[in-house]
Amino acid sequence: MANCDAIAQVAVPAPFHHLFDYLLPTAEPPPCVGGRVLVPFGKRRVVGLVTGLTNETPIERRRLRAIETVLDTRPVLPEELLKLLLWASRYYHYPIGECLATALPSLLRRGRPAEPALERVWRIAPAGQTIAANALRRRAPRQARLLEILQQSARPIGCAELTDSNGDWRGALERLAARGWIAASDRPVYALRRSHTRTAAPTLNLAQSKAVRAITAALNNFQALLLEGVTGSGKTEVYLAAIEAVLAAGRQTLLLVPEIGLTPQLVARFTSRLDAPLAVLHSGLSDTERLEAWHAAGNGAAPIVIGTRSAVFAPLARPGLIVVDEEHDTSLKQQDGFRYSARDLAVVRARRLNIPIVLGSATPSLETLYNVRRGRYRQLRLPQRAGGAATPEFRIFDVRGKPLREGLSQPLQQRLQTHLDAGRQALLLLNRRGFAPTLLCHECGWIALCHRCDARLIYHHPGKRVRCHHCNYDRPVPAHCPHCAGPDLRPLGLGTQRVEAALRLAFPSAGLLRIDRDSTRGKGAFEARMAAAQRGEAQILLGTQMLAKGHHLPEVTLVAIIDADQGLFGSDFRAPERFAQLLIQVAGRAGRAAHLGEVVIQTHHPEHPLLQILIHRGYKDFAEVALKEREQAHLPPFSAMALLRAEAHEADTPHVFLAQAKASAQPAPGITMLGPVPAPMERRAGRYRAQLLLQTAHRDELQALLRNWVPRLAELEQARRVRWSVDVDPLETL
Numbered sequence: 001m002a003n004c005d006a007i008a009q010v011a012v013p014a015p016f017h018h019l020f021d022y023l024l025p026t027a028e029p030p031p032c033v034g035g036r037v038l039v040p041f042g043k044r045r046v047v048g049l050v051t052g053l054t055n056e057t058p059i060e061r062r063r064l065r066a067i068e069t070v071l072d073t074r075p076v077l078p079e080e081l082l083k084l085l086l087w088a089s090r091y092y093h094y095p096i097g098e099c100l101a102t103a104l105p106s107l108l109r110r111g112r113p114a115e116p117a118l119e120r121v122w123r124i125a126p127a128g129q130t131i132a133a134n135a136l137r138r139r140a141p142r143q144a145r146l147l148e149i150l151q152q153s154a155r156p157i158g159c160a161e162l163t164d165s166n167g168d169w170r171g172a173l174e175r176l177a178a179r180g181w182i183a184a185s186d187r188p189v190y191a192l193r194r195s196h197t198r199t200a201a202p203t204l205n206l207a208q209s210k211a212v213r214a215i216t217a218a219l220n221n222f223q224a225l226l227l228e229g230v231t232g233s234g235k236t237e238v239y240l241a242a243i244e245a246v247l248a249a250g251r252q253t254l255l256l257v258p259e260i261g262l263t264p265q266l267v268a269r270f271t272s273r274l275d276a277p278l279a280v281l282h283s284g285l286s287d288t289e290r291l292e293a294w295h296a297a298g299n300g301a302a303p304i305v306i307g308t309r310s311a312v313f314a315p316l317a318r319p320g321l322i323v324v325d326e327e328h329d330t331s332l333k334q335q336d337g338f339r340y341s342a343r344d345l346a347v348v349r350a351r352r353l354n355i356p357i358v359l360g361s362a363t364p365s366l367e368t369l370y371n372v373r374r375g376r377y378r379q380l381r382l383p384q385r386a387g388g389a390a391t392p393e394f395r396i397f398d399v400r401g402k403p404l405r406e407g408l409s410q411p412l413q414q415r416l417q418t419h420l421d422a423g424r425q426a427l428l429l430l431n432r433r434g435f436a437p438t439l440l441c442h443e444c445g446w447i448a449l450c451h452r453c454d455a456r457l458i459y460h461h462p463g464k465r466v467r468c469h470h471c472n473y474d475r476p477v478p479a480h481c482p483h484c485a486g487p488d489l490r491p492l493g494l495g496t497q498r499v500e501a502a503l504r505l506a507f508p509s510a511g512l513l514r515i516d517r518d519s520t521r522g523k524g525a526f527e528a529r530m531a532a533a534q535r536g537e538a539q540i541l542l543g544t545q546m547l548a549k550g551h552h553l554p555e556v557t558l559v560a561i562i563d564a565d566q567g568l569f570g571s572d573f574r575a576p577e578r579f580a581q582l583l584i585q586v587a588g589r590a591g592r593a594a595h596l597g598e599v600v601i602q603t604h605h606p607e608h609p610l611l612q613i614l615i616h617r618g619y620k621d622f623a624e625v626a627l628k629e630r631e632q633a634h635l636p637p638f639s640a641m642a643l644l645r646a647e648a649h650e651a652d653t654p655h656v657f658l659a660q661a662k663a664s665a666q667p668a669p670g671i672t673m674l675g676p677v678p679a680p681m682e683r684r685a686g687r688y689r690a691q692l693l694l695q696t697a698h699r700d701e702l703q704a705l706l707r708n709w710v711p712r713l714a715e716l717e718q719a720r721r722v723r724w725s726v727d728v729d730p731l732e733t734l
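Heads up, the sequence shown is in UniProt numbering, so the first residue is 1 and it goes up one at a time.
Careful: at least some of the hints might be erroneous.
[To be verified] Simulated crosslink set (DSS-like; lysine-lysine; CA at most 27 Å straight-line): (1) LYS333 to LYS549; (2) LYS83 to LYS333; (3) LYS333 to LYS43; (4) LYS523 to LYS464; (5) LYS210 to LYS523; (6) LYS464 to LYS333; (7) LYS549 to LYS210; (8) LYS628 to LYS333; (9) LYS523 to LYS549.
Hints listed in this document are in silico derivations from the structure and should not be mistaken for laboratory results.
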């Protein structure tokens, strides 16, 4: 070990699990831990992040390269967030530099200055307080108007705000300043949301009040609380009341939501109720908007921060509370690259910050319920709908042997007509977009398949094209069958576009909105459609599971699941849990206001035990049964899993790599390694995929194996011929 001058330990955005040592620059200010530096890396110059300063290095000094530029004299990542990311890198076994890069806005990753942009603001000066604006009005009307505005304002006003409402009066501002009547200063620009109108808070019921008291009592300590409430029980009102207490204490709240689509509704509700600016963080923002919101969170200018998955890494100046809404939602787990769970990291972060965290859901994940059972989390229940709304009535329509009009049974059409005649809205769920999942030749049986994936091409009616929903391959429908040259090509099966066409024919006077990924691709398209739905511009809402996620649609009184059989026979061990959550969540959109709700479920399997337990006994009893089954089968949450995935252009290469990986492992006796086996979709986007599953009853044993094993995988003979990744706590194993 060589002693030398101070060394910076730098994480670089590259696929390495270790840090790199660099000499400090002689002509630059010293770097800080948590700050960025520009360093030479191979033949490139990259932006890295300093994780530590030391006087020791195992590398000879003459072989070390020096930092080229110190980009920050103050940390861009606060100490607690840096430590959280270092922990996450170790737990998820993902390269440290790429973990840290995930937490930074893209402009900071590219070396943009970390200080927020500044804007010029104006305020009234003491000498201007007594000046009569009317005396100026005849000879200097612009100066008079600006002086009047600033005299009446309790806060400095931005130049852009003044000129937007009063024309370009910058010259008038300068002349007022020259007289000493107004003064200018600069303030940071933050992307903040707030409303100048306030909505009164409803009176909380007994269960809501009890939940708020439990949360506020924990505000100065770590506690994980599950807020389990039936759909429409008023969980958001509990969040709002708890956040008011956090604001009163001068602290910040971080609220995580699973989907961008939930953000506008929550933002509108929060800004109308809480007298505090709010920052939003999600992937739909521009790079500049995201950086401004990130600064607002880190500087404390935003007492409330609402964001999707990656907002778990938002810096907080005065953290007081973390809330994870719809904690069961799989969107909270990153499915590629850095495969972290935002929910789980939020719990870890809350513990490290010694603040409470609230996990909200009407259908809690089995992992969360397991933690309640073990005493790790406290459960708060909201057993009734808020405002006296009744629980919707369930009806199962047995469609065996019954005529279906593009998936719609006659009884369903009758119920739909009844609700439309009453002036209400109906929500129809079909979790399959496109017009039809298959294009078939009626002459020879040919089926349109993707040449890059083991998947059928989906027929999309607008433009008459077939598209792969996995790799986005797209082409026009051929005029004749490529196999037999027959002209009779038919779409087979149901998609949302096909049901939309049938509904427009059957109910021509009712407005219809289709809400799926195809209809909401453009920026703001989803928000626009949901706003139209909430305004009542359409009586029929048709869509995929996007519609099931927490949206408040008070005029919806009928919910129909067109094809429940889609979710009853999944092969993954989590499939029953996901179907149960989807069914209960979408059913919860019905009857949320004063009108009674109805839920119709079309199925060929009306006696299926999963349907029966959900409809007659509810999600709570389903979860208890499912946990017993998981325990008997030694499945999560009663065991820990990790999945090693590999893919390559040649079919055998992933299997060879995984076999080498398995042979190189030295698992403890309690660890089972299953595979290598082909992935459920073996070929995707032109690459063949395989996987190796690791399972054990003891998480510590799994982590110990991965800690020693993962760094060696890159040294295997086949490692350079495959893309490989490790998924700890995978949500999908098949």
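Consistency of the hints with the structure:
As the CA atoms of LYS333 and LYS549 are separated by approximately 16 Å, the hinted pair is consistent with the 27 Å bound. At roughly 20 Å between alpha-carbon atoms, LYS83 and LYS333 fall within 27 Å of each other, so this suggested pair holds. For the given pair, LYS333 sits about 35 Å from LYS43 by alpha-carbon distance, which is inconsistent with the 27 Å threshold. A distance of roughly 24 Å separates the Cα atoms of LYS523 and LYS464; the hinted pair therefore holds under the 27 Å criterion.
This hinted pair does not check out: LYS210 and LYS523 have alpha carbons roughly 40 Å apart, beyond 27 Å. A C-alpha spacing of about 35 Å is found between LYS464 and LYS333, which places the hinted pair above 27 Å, so the restraint is violated. For the hint linking LYS549 to LYS210, the alpha-carbon distance of about 26 Å falls within 27 Å, and the restraint holds. With a CA separation close to 24 Å, the supplied pair LYS628 and LYS333 stays within the 27 Å bound.
Taken as a hint, the LYS523 and LYS549 pair is honoured in the structure, with Cα atoms around 19 Å apart against an allowance of 27 Å.
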